[in-house]
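Trainee: Residue numbers (the working numbering), protein chains in the order written: chain A, 138 to 220; chain B, 138 to 220; chain C, 9 to 159; chain D, 9 to 159.
Do not rely on the hints blindly, as some may be mistaken.
Computed cross-link-like contacts, SDA-like style, restricted to lysine to any residue with a CA-CA straight-line distance of at most 25 Å [claimed, not checked]:
| no. | chain 1 | residue 1 | chain 2 | residue 2 |
| --- | --- | --- | --- | --- |
| 1 | D | K67 | A | R191 |
| 2 | D | K67 | A | V204 |
| 3 | C | K133 | B | R147 |
| 4 | C | K133 | D | K67 |
| 5 | C | K133 | D | G30 |
| 6 | D | K67 | A | A167 |
| 7 | C | K67 | B | R176 |
| 8 | C | K67 | B | E156 |
| 9 | D | K67 | A | G158 |
| 10 | B | K139 | C | K133 |
| 11 | C | K67 | B | A162 |
| 12 | D | K10 | A | D197 |
| 13 | C | K67 | B | V179 |
Source of the hints: derived by calculation from the structure; they are not laboratory data.
Values in this document were obtained by computation on a predicted structure and should not be read as measured data.
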Amino acid sequence: MKLRLLYFARLRERFGVAEEGIEFAGATAADLLAVLQARGGVWAEELAAGRAFRVAVDQDLVALDAVLHDGAEIAIFPPVTGG
Amino acid sequence: MKLRLLYFARLRERFGVAEEGIEFAGATAADLLAVLQARGGVWAEELAAGRAFRVAVDQDLVALDAVLHDGAEIAIFPPVTGG
Amino acid sequence: MKILVQADAFDLGTEVDAMRQGRTDIGAIASFVGLARDINEGSGVAAMTLEHYPGMTEKALAALVDAAYARWTLQDVTVIHRIGRLLPGDPIVLVAVASRHRGEAFAACEFIMDYLKTQAPFWKKEETSEGERWVEARASDDAAAARWSRD
Amino acid sequence: MKILVQADAFDLGTEVDAMRQGRTDIGAIASFVGLARDINEGSGVAAMTLEHYPGMTEKALAALVDAAYARWTLQDVTVIHRIGRLLPGDPIVLVAVASRHRGEAFAACEFIMDYLKTQAPFWKKEETSEGERWVEARASDDAAAARWSRD
């Protein structure tokens, strides 16, 4: 399936990318994170188990077992700090 | 001792008086209430045990065992309803 | 700290702007405005008149605000309560609390309102279609104030 | 209901006056303004920039407000959150809640702020004397939001 990935705030800066399109063969958000971690470097570091980040699918916060669908907009970002 | 008595809101209207000076021979707020109840009529009715009213001495809310002093300003009024 | 008892209307924006004027250390301002409603206890209310106990009123409000300062770390507090005749829609009372942190601002603002409702000597008389009536105190207001002593 | 995400400043008085304009059925308006402070975590802050996730931000704020309407009897809610670069003393966020009764207005206002802090996709970057830094989420904000699910 094709996914559109968005990164925000500190993660956007660390990864050096705000947005990308990828072809994804897994099923869940956790599978996607494994793909991204496999890029190594800052990806492995920031998305390691135990690091604090959030995942949204089509603009709703989800747990890591959320099942993704073709054309989904997946955002990965640090815990929010507005208000 | 001499006391200045003030009445507010519904009690002021029921008693038909906003303020009076009295000579008082008792000791506590409860003694004063007994004196006022002894006037009978609306006084006995409104100040009966179990009726909801408040007593302030020199502009502080007090319990009925509060000891009064010469020259005190005693206010008797219904539970407050501002705000 | 600013405590006023007045017949005149107040303006929330003006009061809150005055609190933060020239300051850059305030993180949170919680505020409350109580308004005269056109219906109370099932009856239409055309107007109300607020009576108070001059002298004790200011003293009671100052004691409430002092208690809030003693309990939380606050940067400024404004309390304004109107007296006299008010129409439905008119603001009656304003409480605004500035603090570094929102939790303290919210708590102190609600604490002051809850105690004001049970401790400050104001009384409302309503003009309804059935005639004039004094508003009765509510058990729910006593319960709201009592929450703060149970912590 | 009014939800705005904007770079421009807002005015508390204008927003609250708009809520009560022409109405005589509102009894209580609780409001909150969060402001940019000149000090955070012990460092001087010269300015901050608020980033957000366009699209999700509006959706998340609407969901928070819907949750508040579902939980309490509310008459109107306004939420405005600013984005972009702000200076110390600048207002960041406004939440105002109108209800017949003060307890509901206070609770809903604090609930919306607590969840906004943990659910709405905004991020603050501060300019301090030691350079730029992203503000870290606070455990106390998670705890504040969690209170509302424990009732």
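Trainee: Compare the structure with each hint and give your call.
Mentor: Comparing the hints with the structure gives:
1. Annotation: proposed proximity of D:K67 to A:R191 holds, straight-line Cα distance about 16 Å (limit 25 Å).
2. Taking the CA atoms of D:K67 and A:V204, the gap is about 21 Å. The hint holds against a cut of 25 Å.
3. Distance restraint check for C:K133 and B:R147: the Cα-Cα separation of roughly 9 Å lies within the 25 Å cut-off, and the hinted pair is therefore satisfied.
4. Between C:K133 and D:K67 the alpha-carbon distance is near 45 Å, which puts this suggested pair outside the 25 Å criterion.
5. For a cut-off of 25 Å, the pair hint linking C:K133 to D:G30 stands: about 23 Å separates their Cα positions.
6. At roughly 24 Å between alpha-carbon atoms, D:K67 and A:A167 fall within 25 Å of each other, so this suggested pair holds.
7. Taken as a hint, the C:K67 and B:R176 pair is broken in the structure, with Cα atoms around 31 Å apart against an allowance of 25 Å.
8. Distance restraint check for C:K67 and B:E156: the Cα-Cα separation of roughly 20 Å lies within the 25 Å cut-off, and the hinted pair is therefore satisfied.
9. In summary, the hint linking D:K67 to A:G158 is supported, as the alpha carbons are separated by about 23 Å, within the 25 Å threshold.
10. This hinted pair does not check out: B:K139 and C:K133 have alpha carbons roughly 32 Å apart, beyond 25 Å.
11. A C-alpha spacing of about 29 Å is found between C:K67 and B:A162, which places the hinted pair above 25 Å, so the restraint is violated.
12. For the given pair, D:K10 sits about 21 Å from A:D197 by alpha-carbon distance, which is consistent with the 25 Å threshold.
13. Only pairs whose Cα atoms come within 25 Å are accepted, and C:K67 paired with B:V179 is rejected, the gap being roughly 30 Å.
Checked against the numbered hints listed earlier, the structure breaks hints 4, 7, 10, 11 and 13; every other hint is satisfied.
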